[in-house]
Amino acid sequence: MVDGCLPTYPEIPQKHKTLEFYNQYIYTMEGTTPIHSAAQNGSISEVSALLTEDPLRINSVDSDGRTPLHWACTMNNFPMIQMMLPFVKKDLDDMVDESGWTPVHIVCAVGNNEALGLFMAKEPIPDINLATGQGTTALHLAVSKGHVEVVKLILESYKGKVNVRDKRGLSALHRAAAAGNNALVRLLVAKKAAINATDKEGWTPLHHAWAEGHDGTGMILLELGADDRVEDLEGQTAGMVAIDEEIRKKYLGRK
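Numbering (our numbering), first residue to last: 1025 to 1279.
Hints should not be assumed to be uniformly reliable.
[To be verified] Computed spacing ranges between beta-carbons, pair by pair:
#1 1147 - 1243: 17 to 25 Å
#2 1273 - 1181: 41 to 49 Å
#3 1226 - 1122: 42 to 50 Å
#4 1142 - 1077: 19 to 27 Å
#5 1088 - 1154: 12 to 20 Å
#6 1072 - 1224: 42 to 50 Å
#7 1154 - 1070: 24 to 32 Å
#8 1239 - 1100: 30 to 38 Å
#9 1239 - 1106: 39 to 47 Å
#10 1249 - 1077: 53 to 61 Å
#11 1099 - 1077: 16 to 24 Å
#12 1224 - 1079: 42 to 50 Å
#13 1193 - 1076: 43 to 51 Å
In short, the hints are calculated from the structure, not lab data.
No experiment lies behind these values; they were computed from the predicted model shown.
Here a beta-carbon is modelled for each residue, glycine too, at the ideal position from N, C-alpha and C.
I would like the entire structure built from these sequences, with the hints used as guidance.
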């Protein structure tokens, strides 16, 4: 497959040109093939049989550009991922769907430590800092879903960059603060996350924490060195966007 075109399938011998054979490559109204459906349904035996019959099916894509491996990762099916991986001959970084997600992005989003380890042991080693179409990295995704152990692996074992921003200017720390995940806030700051970094609206992690009502998270950020006097593009400090009345009273308008 090249640049979004439909997959190129092997020449079909005349003796196999039957409806049953063609059905293995036909796209349904939902844009999937039988191997995609089998992966979604968790049928390891069916997927294995289809790949044994034609290993190139591992590269087939649905209407969203997802391969069977994308779907195995989405379903968080580690045994199926293990079974599929030997059939994958291409660089995992090149297996991007229409949104720019690779299998690595997906396993980090679903929190599958084992699958991440399996992928990162593959040659060539995937780029853990590769961004999706929205500029999100595996770290952003793991943080957003609260997968502490995956975050540790990314930062400590796979050289993940802690201060990468997505297209909205959000770092992993912005996301952790917005989610009120105190453990991840402490971990990211310990790994040198920029505590007063601003997104494209001028919001710091503290702005996000208090705007979402995570008062305790905001206090942790202050304890770790956050500056509550930073103003966003509209001149608002974190105290001014806080939804908690007591926080607003205490920090409103501090310069």
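- Query: Lying within 24 to 32 Å: is that true of the beta-carbon distance residue 1154 to residue 1070?
  - Reply: holds, 31 Å
- Could you tell me whether the CB distance from residue 1193 to residue 1076 stays inside 43 to 51 Å? holds, 47 Å
- Message: Tell me if the beta carbons of residue 1224 and residue 1079 are separated by a distance inside 42 to 50 Å.
- Response: holds, 44 Å
- Task: Go ahead and decide if the range 39 to 47 Å is satisfied by the Cβ distance of residue 1239 to residue 1106.
- Result: Holds, since residue 1239 and residue 1106 (Cβ atoms, about 44 Å apart) stay within the stated range.
- Outcome for the supplied range 41 to 49 Å, where the beta carbon pair is residue 1273 and residue 1181: holds, 44 Å
- Message: Given a hint of 17 to 25 Å, does the C-beta separation of residue 1147 and residue 1243 actually sit inside it?
- Response: Roughly 46 Å apart at Cβ, these two residues miss the hinted range, so it is violated.
- Message: I want to verify a distance hint. Is the separation of the beta carbons of residue 1226 and residue 1122 within 42 to 50 Å?
- Response: violated, 31 Å
- Item | C-beta pair residue 1072, residue 1224: status relative to the range 42 to 50 Å that was hinted | Holds: the Cβ-Cβ distance is about 46 Å, inside 42 to 50 Å.
- Range hint compliance [Cβ, residue 1088 to residue 1154, 12 to 20 Å]: holds, 18 Å
- Task: Please test the hint of 30 to 38 Å on the beta carbon pair from residue 1239 and residue 1100.
- Result: holds, 33 Å
- Starting from the hint 53 to 61 Å, judge whether the C-beta atoms of residue 1249 and residue 1077 obey it. Holds, since residue 1249 and residue 1077 (Cβ atoms, about 59 Å apart) stay within the stated range.
- Message: Is 19 to 27 Å respected by the C-beta to C-beta distance linking residue 1142 and residue 1077?
- Response: holds, 24 Å
Against the hints set out earlier in the document, violations occur for numbers 1 and 3.
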